[in-house]
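With these hints in hand, go ahead and build the complete structure from the sequences.
Number of protein chains: 2
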Amino acid sequence: MDYTGMQSESKSNEPNTLVDKIEADLLDYFNTHRLKAGDAIPKEVELATQLGVSRTVIREAMLRLRTRGLIESKKKRGTIITYPDPLALLEKSMYPGILNDETLRDIFELRMVLEIGMGDLLFERITQADIDELYAIVADEPINTQEMVFDADQEVRFHGKLYDITGNETLRRFQRMLLPIFKYVHESGLLKKPIQHKKFVSHRGLVDVLQHGNPETFRNAMRNHFENHFQRLF
Amino acid sequence: MDYTGMQSESKSNEPNTLVDKIEADLLDYFNTHRLKAGDAIPKEVELATQLGVSRTVIREAMLRLRTRGLIESKKKRGTIITYPDPLALLEKSMYPGILNDETLRDIFELRMVLEIGMGDLLFERITQADIDELYAIVADEPINTQEMVFDADQEVRFHGKLYDITGNETLRRFQRMLLPIFKYVHESGLLKKPIQHKKFVSHRGLVDVLQHGNPETFRNAMRNHFENHFQRLF
DNA sequence: AAAATTATTATGTTATACTTAATAATCAAA
DNA sequence: TTTGATTATTAAGTATAACATAATAATTTT
Numbered sequence: 264m265d266y267t268g269m270q271s272e273s274k275s276n277e278p279n280t281l282v283d284k285i286e287a288d289l290l291d292y293f294n295t296h297r298l299k300a301g302d303a304i305p306k307e308v309e310l311a312t313q314l315g316v317s318r319t320v321i322r323e324a325m326l327r328l329r330t331r332g333l334i335e336s337k338k339k340r341g342t343i344i345t346y347p348d349p350l351a352l353l354e355k356s357m358y359p360g361i362l363n364d365e366t367l368r369d370i371f372e373l374r375m376v377l378e379i380g381m382g383d384l385l386f387e388r389i390t391q392a393d394i395d396e397l398y399a400i401v402a403d404e405p406i407n408t409q410e411m412v413f414d415a416d417q418e419v420r421f422h423g424k425l426y427d428i429t430g431n432e433t434l435r436r437f438q439r440m441l442l443p444i445f446k447y448v449h450e451s452g453l454l455k456k457p458i459q460h461k462k463f464v465s466h467r468g469l470v471d472v473l474q475h476g477n478p479e480t481f482r483n484a485m486r487n488h489f490e491n492h493f494q495r496l497f
Numbered sequence: 264m265d266y267t268g269m270q271s272e273s274k275s276n277e278p279n280t281l282v283d284k285i286e287a288d289l290l291d292y293f294n295t296h297r298l299k300a301g302d303a304i305p306k307e308v309e310l311a312t313q314l315g316v317s318r319t320v321i322r323e324a325m326l327r328l329r330t331r332g333l334i335e336s337k338k339k340r341g342t343i344i345t346y347p348d349p350l351a352l353l354e355k356s357m358y359p360g361i362l363n364d365e366t367l368r369d370i371f372e373l374r375m376v377l378e379i380g381m382g383d384l385l386f387e388r389i390t391q392a393d394i395d396e397l398y399a400i401v402a403d404e405p406i407n408t409q410e411m412v413f414d415a416d417q418e419v420r421f422h423g424k425l426y427d428i429t430g431n432e433t434l435r436r437f438q439r440m441l442l443p444i445f446k447y448v449h450e451s452g453l454l455k456k457p458i459q460h461k462k463f464v465s466h467r468g469l470v471d472v473l474q475h476g477n478p479e480t481f482r483n484a485m486r487n488h489f490e491n492h493f494q495r496l497f
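Chains as they are written, first to last, in my numbering: chain A, 264 to 497; chain B, 264 to 497.
I should point out that these hints are in silico values taken from the structure, not numbers from a laboratory.
A portion of the hints provided could be inaccurate.
[Stated by the list, open to error] Pairs of lysine-lysine, BS3-like flavour, derived with a Cα cap of 27 Å: (1) Lys284(B) <-> Lys306(B); (2) Lys284(B) <-> Lys299(B); (3) Lys284(A) <-> Lys338(A); (4) Lys339(A) <-> Lys424(A); (5) Lys299(B) <-> Lys446(A); (6) Lys284(A) <-> Lys306(A); (7) Lys337(B) <-> Lys337(A); (8) Lys338(B) <-> Lys299(B); (9) Lys299(A) <-> Lys337(A); (10) Lys424(B) <-> Lys446(B); (11) Lys337(B) <-> Lys284(B); (12) Lys284(B) <-> Lys306(A); (13) Lys299(A) <-> Lys446(B); (14) Lys339(A) <-> Lys284(B); (15) Lys338(B) <-> Lys284(B); (16) Lys306(B) <-> Lys337(B); (17) Lys306(B) <-> Lys339(B); (18) Lys337(B) <-> Lys338(A); (19) Lys284(A) <-> Lys299(A); (20) Lys306(B) <-> Lys284(A); (21) Lys299(B) <-> Lys284(A); (22) Lys284(A) <-> Lys339(B); (23) Lys284(A) <-> Lys337(B); (24) Lys339(A) <-> Lys299(A).
This is the structure in structure tokens:
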């Protein structure tokens, strides 16, 4: 376990403020004392005297670690090391409105990369029950594949189910976290070019591929499914 | 821009502590005052009196927001709203040693999904100069593709260059952030099954595909390139 | 008008005291 | 002796007040 090599709060690596330094010192302390999840750390006053700094600074430094999910504090019990949940943090910062356009576009691309690339995971783990469920979700989808209908609700249910099937919890949470961003990108004017009403693989088509195809055919189908989005991004 | 709907520090949604409440109040304040990146927020003492709470609480609440990159403080200038950088946070929490095995495995899968799925981005943006550079990187790779040599350094250079080519900064940073984790997974005993010395697409083979192939052939080649890892994970 | 000096300001830091919720210790009842 | 209620203790949470520091603005000097 290596807590070192972390950056300070400020962009530059030099610890500008005292809290920066103490924060690093604390991580250092965890390291040298070989502390792992569940272990308790000294109480605030002790750390304050031990590191020769006020309790306020200790608290502020510890608050940062707590915000990042590295420690947890309870009254009387003191503070303990915890398994951090990196994605939980990310979720809290994902306010689409305050991300700049470039980042939004990047994330939208990221989604497409993920869903095209997840073919192997899907075929490795999908069950007939999953396929049936997918068919149920797309049941109300219009047959006419020429028409680009965008039902946000079904969109979420369908693609969400795909993430579920991968059995990869990290991937799943990633998707849940990115959902509001996709929604935002669709609603904002970021996707400049108009929708091209050309032939594309429908949700139903994707399920058919999952039923009868293989990872390779799925990747191509998903690529085609996203054709419209690609055209509008590039 | 909607800052609401966020969770408090504690797992449960109810604000247990005063700081939790004030943190929410602050985000609420940003919302109702339609504050966007660059805008200044009232100084600490003002907020303290205005929200009827001590400056300590204000500072702790603001520190949380600052840790998440939502605000930035400078002496004399006060505090301003900023464009948060979600990934910066994530980077700080990515200590492989304190992530549990399941998460590590998930992330390793995630990498494969990303690199298989990035074919379209690559072909959309790759230049001849990029291809030349890739050929230079793999120049010292042994011709014998039967042999699974694992040069960690070259591995990083080669795959890192691929991420660069996508031109997707978010993706790129994602990779840099995940690097130590891949390294850790390789070194730990997580990849149980032994390496299968079967035929696989080499780095050089991938460059050839980038030179003469298309997104589809690239995805298949990359899938094959990862064959060993897949076999060891499933 | 430009440069050097001083004053001001808002965050950063310290110190101290008080509040609160969770745990431990104590004691009374069965 | 065990059980249950009561009290004490502890460590984090909160509140004030004061000082330090660096960045800016205002002033003076050249």
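Going down the list of hints, with the structure as the test:
Taking the CA atoms of Lys284(B) and Lys306(B), the gap is about 18 Å. The hint holds against a cut of 27 Å. For the given pair, Lys284(B) sits about 22 Å from Lys299(B) by alpha-carbon distance, which is consistent with the 27 Å threshold. Taking the CA atoms of Lys284(A) and Lys338(A), the gap is about 26 Å. The hint holds against a cut of 27 Å. For the hint pairing Lys339(A) with Lys424(A), the CA-to-CA distance comes to about 44 Å; that exceeds 27 Å, so the pair is violated.
Restraint check: the Cα-Cα separation between Lys299(B) and Lys446(A) comes to about 20 Å, which is no more than 27 Å; the hinted pair holds. Restraint check: the Cα-Cα separation between Lys284(A) and Lys306(A) comes to about 18 Å, which is no more than 27 Å; the hinted pair holds. Proximity of Lys337(B) to Lys337(A) is assessed by CA-CA distance (about 31 Å); at most 27 Å being required, the pair is judged violated. Taking the CA atoms of Lys338(B) and Lys299(B), the gap is about 21 Å. The hint holds against a cut of 27 Å.
A distance of roughly 18 Å separates the Cα atoms of Lys299(A) and Lys337(A); the hinted pair therefore holds under the 27 Å criterion. Using a Cα cut-off of 27 Å, the hinted pair Lys424(B) and Lys446(B) holds, with the two alpha carbons roughly 17 Å apart. In summary, the hint linking Lys337(B) to Lys284(B) is supported, as the alpha carbons are separated by about 24 Å, within the 27 Å threshold. Pair hint Lys284(B) plus Lys306(A) holds up; C-alpha atoms about 25 Å apart against a cutoff of 27 Å.
Proximity of Lys299(A) to Lys446(B) is assessed by CA-CA distance (about 20 Å); at most 27 Å being required, the pair is judged to hold. The suggested pairing of Lys339(A) with Lys284(B) holds, with an alpha-carbon distance near 22 Å, which does not exceed 27 Å. Between the alpha carbons of Lys338(B) and Lys284(B) the distance comes to roughly 26 Å, so the proposed pair stays at or under 27 Å and holds. Restraint check for Lys306(B) and Lys337(B): the C-alpha separation of about 11 Å stays at or below 27 Å, so the hint holds.
Between Lys306(B) and Lys339(B) the alpha-carbon distance is near 10 Å, which keeps this suggested pair within the 27 Å criterion. A C-alpha spacing of about 32 Å is found between Lys337(B) and Lys338(A), which places the hinted pair above 27 Å, so the restraint is violated. A hinted pair counts as satisfied when its Cα atoms are at most 27 Å apart, and Lys284(A) with Lys299(A) qualifies at roughly 22 Å. Restraint check for Lys306(B) and Lys284(A): the C-alpha separation of about 25 Å stays at or below 27 Å, so the hint holds.
Our distance criterion of 27 Å between C-alpha atoms is broken by Lys299(B) and Lys284(A), whose separation comes to about 31 Å. Restraint check: the Cα-Cα separation between Lys284(A) and Lys339(B) comes to about 22 Å, which is no more than 27 Å; the hinted pair holds. Simply put, Lys284(A) and Lys337(B) have alpha-carbon atoms about 17 Å apart, close enough for the 27 Å limit, and the pair holds. Taking the CA atoms of Lys339(A) and Lys299(A), the gap is near 20 Å; set against the 27 Å cutoff, the hint holds.
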